[in-house]
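Heads up: the protein sequence lines correspond to chains A, B and C, in order. No gaps in the numbering here: position 15 of the first sequence is 15 in our numbering, and each next residue is one more. No gaps in the numbering here: position 105 of the second sequence is 105 in our numbering, and each next residue is one more. No gaps in the numbering here: position 361 of the third sequence is 361 in our numbering, and each next residue is one more.
Treat each hint with caution, since some may be false.
Covered stretches of chain B, going by a simulated chain A footprint (3 or more residues, C-beta under 8 Å) [stated by the list, open to error]:
no. : segment
1   : 7-20
2   : 94-104
3   : 107-121
4   : 166-174
Computed list of chain B residues with no C-beta within reach of chain A, every gap over 12 Å [to be verified]:
no. : residue
5   : Asp146
6   : Leu151
7   : Phe205
Computed from the model, here is a short list of chain B residues facing chain A with C-beta under 7 Å [claimed, not checked]:
no. : residue
8   : Trp3
9   : Ala81
10  : Leu82
11  : Ala89
12  : Arg90
13  : Ser182
14  : Gln185
15  : Thr186
16  : Thr236
No lab work stands behind these hints: they were computed from the structure. Note that the Cβ used here is the ideal one computed from N, Cα and C, for glycine as well.
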Amino acid sequence: MAGSNPNAKPMNLTLNVWRQPNRHTQGKIVEYKVKDISPEMSFLEMLDVLNEDLLRAGQDPVAFDHDCREGICGSCDLFINGRSHGPEKGTTTCQLHMRKFSDGDTITIEPWRATAFPVNKDLSVDRSAFDRIIQAGGYISVNTGGVPDGNEIPVPKDLADRAFEAATCIACGACVAACKNASAMLFVSAKVSQLSLLPQGQPERKTRVENMVAQMDKEGFGACSNIGSCAAECPVGISLENIAILNREFLTAKATSNNLA
Amino acid sequence: MSWITKTLTSTIGRKIIMSVTGLFLCTFLVVHLVGNLQLFKHDHGAAFNIYSHFMGTNPIIRTIEWGLVLGFGFHIYEAFALTSRNKSARGAQGYVSNHAEQNSEWTSRNMGILGTIILIFLLIHLYNFFWRARFGSLDPDINNNDDLYSLVVSSFKQWWYVVLYVAAQISLGYHLWHGFRSGFQTLGLNHRKYTPIIKYAGYVFAVVVSAAFASMPLYFFLFTNEKGELAANAPTLIHAVASAF
Amino acid sequence: MLLDSKIPEGPLAEKWDKHKFNVKLVNPANKRKYDVIVVGTGLAGASAAASLAELGYNVKAFTFHDSPRRAHSIAAQGGINAAKNYQNDGDSVFRLFYDTIKGGDYRAREANVYRLAQVSVNIIDQCVAQGVPFAREYGGLLANRSFGGAQVSRTFYARGQTGQQLLIGAYSALSRQIAYGKVKMYTRTEMLDLVMIDGVARGIVTRNVVTGEIENHAAHAVVLATGGYGNVFYLSTNAKQSNVTAAWRAHKKGAFFANPCFTQIHPTCIPVSGDYQSKLTLMSESLRNDGRVWVPKTVEMAERLRKGEIRVQDIQEDDRDYFLERKYPAFGNLVPRDVASRNAKQMCDEGRGVGSTGLAVYLDFAEIIQRTSADAVSQKYGNLFAMYEKITGEDPYKMPMRIYPAVHYTMGGLWVDYNLQTTIPGLYATGESNFSDHGANRLGASALMQGLADGYFVIPYTIGDYLAQTPPKPVDTQHPAFAEAKAGVQARTEQLLSINGTRTPDDFHKALGHLMWEYCGMARNAEGLRHAKAEIQRLRKEFWSDVKIVGTGEELNPTLEKAGRVADFLELGELMVDDALARNESCGGHFREEYQTPEGEALRDDEHFAYVAAWEYRGENVPETLHKEDLQFENVKLTQRSYK
Chain A
1 MAGSNPNAKP MNLTLNVWRQ PNRHTQGKIV EYKVKDISPE MSFLEMLDVL NEDLLRAGQD
61 PVAFDHDCRE GICGSCDLFI NGRSHGPEKG TTTCQLHMRK FSDGDTITIE PWRATAFPVN
121 KDLSVDRSAF DRIIQAGGYI SVNTGGVPDG NEIPVPKDLA DRAFEAATCI ACGACVAACK
181 NASAMLFVSA KVSQLSLLPQ GQPERKTRVE NMVAQMDKEG FGACSNIGSC AAECPVGISL
241 ENIAILNREF LTAKATSNNL A
Chain B
1 MSWITKTLTS TIGRKIIMSV TGLFLCTFLV VHLVGNLQLF KHDHGAAFNI YSHFMGTNPI
61 IRTIEWGLVL GFGFHIYEAF ALTSRNKSAR GAQGYVSNHA EQNSEWTSRN MGILGTIILI
121 FLLIHLYNFF WRARFGSLDP DINNNDDLYS LVVSSFKQWW YVVLYVAAQI SLGYHLWHGF
181 RSGFQTLGLN HRKYTPIIKY AGYVFAVVVS AAFASMPLYF FLFTNEKGEL AANAPTLIHA
241 VASAF
Chain C
1 MLLDSKIPEG PLAEKWDKHK FNVKLVNPAN KRKYDVIVVG TGLAGASAAA SLAELGYNVK
61 AFTFHDSPRR AHSIAAQGGI NAAKNYQNDG DSVFRLFYDT IKGGDYRARE ANVYRLAQVS
121 VNIIDQCVAQ GVPFAREYGG LLANRSFGGA QVSRTFYARG QTGQQLLIGA YSALSRQIAY
181 GKVKMYTRTE MLDLVMIDGV ARGIVTRNVV TGEIENHAAH AVVLATGGYG NVFYLSTNAK
241 QSNVTAAWRA HKKGAFFANP CFTQIHPTCI PVSGDYQSKL TLMSESLRND GRVWVPKTVE
301 MAERLRKGEI RVQDIQEDDR DYFLERKYPA FGNLVPRDVA SRNAKQMCDE GRGVGSTGLA
361 VYLDFAEIIQ RTSADAVSQK YGNLFAMYEK ITGEDPYKMP MRIYPAVHYT MGGLWVDYNL
421 QTTIPGLYAT GESNFSDHGA NRLGASALMQ GLADGYFVIP YTIGDYLAQT PPKPVDTQHP
481 AFAEAKAGVQ ARTEQLLSIN GTRTPDDFHK ALGHLMWEYC GMARNAEGLR HAKAEIQRLR
541 KEFWSDVKIV GTGEELNPTL EKAGRVADFL ELGELMVDDA LARNESCGGH FREEYQTPEG
601 EALRDDEHFA YVAAWEYRGE NVPETLHKED LQFENVKLTQ RSYK
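Excised from the complex, chain A in its bound form (with noise of 0.2 Å):
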């Protein structure tokens, strides 16, 4: 039952499939094939028919990570046919659709793979190398109260605008996904770029930049080689305009910071 189109054919398709049981076990592609897949479909849709298929069968479903299913909250992470969230520009797993695959396709399906983003099982990474980084600076100190008034802190609206654009970073990790290196540049650079353009966040702009890069190297990930699959494949399309600001920012405050550590 196709919901706009009446003519949309279902179709059928093989999926490869990571399957790791743990963090600890090694795992391997395995293949299924799902039938009367509608092009109405979202991906994510398509592993539920996967999944009460295996569970009827009595085989365990695929583990993947996924909430909002609208493209905000960040959670779906899947490798799809060698890109991060599939082939569709600007677009999260969940809002990817099987109309943008053809009957008979092949489908592989693998986690996020980096040192930083251990397997927790199947397609379900451990991402919290990303909370770790935001720990240590990804914020303005203020404690809830004795803040001024709104309209005490003008910020000319360009630059709200861009820090607008670098905080709608959705912490899903597609750029390390996709980063030959696994570097977490785009996602650091987000945070700190949005916070180095407010006022609000002058006063500790030099320390926040230097430790949250010091969490992002000792996470493991790795270094920035400008190559770009980063923001081509982020789903909401931060800037490497953001990588060059973490770079500068990174430079003078190690350059003019009093931090002798």
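Please build the complex by placing chains B and C on the supplied structure of chain A, with the hints as guidance.
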């Protein structure tokens, strides 16, 4: 570790060394290229040999030469350090299917391979010209300078050397295609107005520098006699261009 | 049991200030001796955890997500209200209070709502200081828009991603406290029971969803910020994992559940396209500012359209029924959510729905595109149009959008007093998980406001009052109550795994959702509700004898998690039906077909139903007991809504 070593061994610090040394090496390429253009003079290498004599003996140049050695050294060392870090960041289990060609340029992803080709070329090139000019014994030319020119011409008459040279220049071109703008990006020299200009300047730089270097062996291999004199049967266009020198 | 709402004495505008003065304070040196558990890290949870940690309490925060930043608050689009009156258009705390009470159809507590309006102004200040990139005017000051039919522009926004930006603000405050070691964060950890010692909340039992480990956590107080229960309908705009489990387990331990039948249906969602549909996507309400809602005038024409015999372009202007404009000339397409939703359903019930399922109406932008330009429309709604096209594959610049109502928010939740404390001492509920501020219907841009108000500005004061009266000696997980609760959780997990039936948890969830939507959705009647009650009971029985789960409890097992949540929804669903049956009136999101005006509008019965229905759990398969908290309206006059 002090703050300096910590900074310079961080991922961004290493990249900053890469970009500073890379951009410095770009300036070297310009100097080297301008000097080498003397090869095209129709003076049986006199000007070229004066230039090479100057480069080999001038104390300022000899000092800068050490900078160059360091520049290459750090550029290469950091490239290995970063590559090894980046490989371990991906982890032992890579992707079964990866279509990076759909989201990025080949040259950007293969700077290491390109750099390695350039390094191999560089070693051969250094042995063939630099080593023999500095430490070997070359015949004197008419001005009593070491006649490096003749060595160049005879080298460029060997097909395998020309192939190697041209292949290396193509690699260099691709290396610069990415490296030039990347150097600015890494240093944070980014602006919505100027970055597009830098990007296109980098493309022009890459093409011009590599094409100009490659033109030298091709010129001697295809269009000159054993002494480096332009052959009469060379195309008119080559004659026209050569007469400008 | 008499419900004591603990509303402070005195004039409305002074209650909160007076109360803040009267609450007992915890000595600053003693704060570190108190542990507080916060479950959920959405706006309400993250803000509470961060603020409590800043005060010096030891906080343990829990989320079943892989990161606190993924809570469903992140998906809120429109904005957040605050009575700043920056626009000089006559807004005030009292006006925001009044609009919220009226919008809630007079089923919310005056004192709570007034406090919400009061602290709304602090929320904006707080978020700006955190670096939340709100929309700005060219002069650098904050921009506002009018939202959800409000007469004033009081909504602050960050494009269509306000919830995301506010949540990241709260998440960053939380992250800072995690870094300081004042918050111990437990991700991918699900609360499965509440632990009570001597009648007060003393901890929780959790399951690590990756390792399956079941653990006890002790504290002096527990805050639930676990969101709403809209997923009882299976299809809703809620995130897939949103569930009622934490709140429901607390309910079964003695926390009353208030107004469960108050659910909000949002009129502008992308319609269901097939049985496989896993969730619904909301399109911002702002689309109704410029889009015109219509269906074909005749059933016959609608049928031909559904079969693909004619195209939408073939339907002449005269054959289109702009039913909202026709029925409500004054408000037209901008009638409140519940009215717009019910009318859409009515059109589809008449057989005039569009799309292949017949469960959709058109939202047409042709006129505005013609009057201005496609570019101008794109400036305003570009991201929404792109999202629509991504999901449906249709270009709304050329074809009218198809929309249909979907469950969006639940006004009901755990009953709380003025201090946000449930009927269990030491157990608090904040944000969507409590029932407190929205009455029978929530206004647009008010959910974010309430979540942050509770977390930043209410709980930090009110929980101190409780803790100050609790001795600061450590709570020990060695107490038998913990072992008992843990054993209960383990037994339930084993029971679920041992059934090994034939139907998947999703199967049951879909069946339940269908019943809820049909009989306890946009419009309800006694007969349908009674039918649904019997069906839910039958379904629940079947669930416990026929559900199929594979794998073990000692691994990442999403099916097991799902089954546990569906089991709780199957119990909650029945309570919602009971509540809807007991409320013999129509108000806000609760529309009982028996109670409507001759024009088909909701007919409230203030004389008999101006109360909060708080339900008490009394045991498996025992009917719950209804307690009533009478609502006193001293500052507003109760009026009937009219949008004619």
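The hints, checked one at a time:
no.: 1; hint: 7-20; verdict: holds (count 8)
no.: 2; hint: 94-104; verdict: holds (count 10)
no.: 3; hint: 107-121; verdict: holds (count 3)
no.: 4; hint: 166-174; verdict: violated (count 0)
no.: 5; hint: Asp146; verdict: 41 Å, holds
no.: 6; hint: Leu151; verdict: 38 Å, holds
no.: 7; hint: Phe205; verdict: 16 Å, holds
no.: 8; hint: Trp3; verdict: 5 Å, holds
no.: 9; hint: Ala81; verdict: 9 Å, violated
no.: 10; hint: Leu82; verdict: 5 Å, holds
no.: 11; hint: Ala89; verdict: 3 Å, holds
no.: 12; hint: Arg90; verdict: 5 Å, holds
no.: 13; hint: Ser182; verdict: 4 Å, holds
no.: 14; hint: Gln185; verdict: 5 Å, holds
no.: 15; hint: Thr186; verdict: 6 Å, holds
no.: 16; hint: Thr236; verdict: 43 Å, violated
Of the numbered hints stated above, those contradicted by the structure are hints 4, 9, 16, listed in ascending order.
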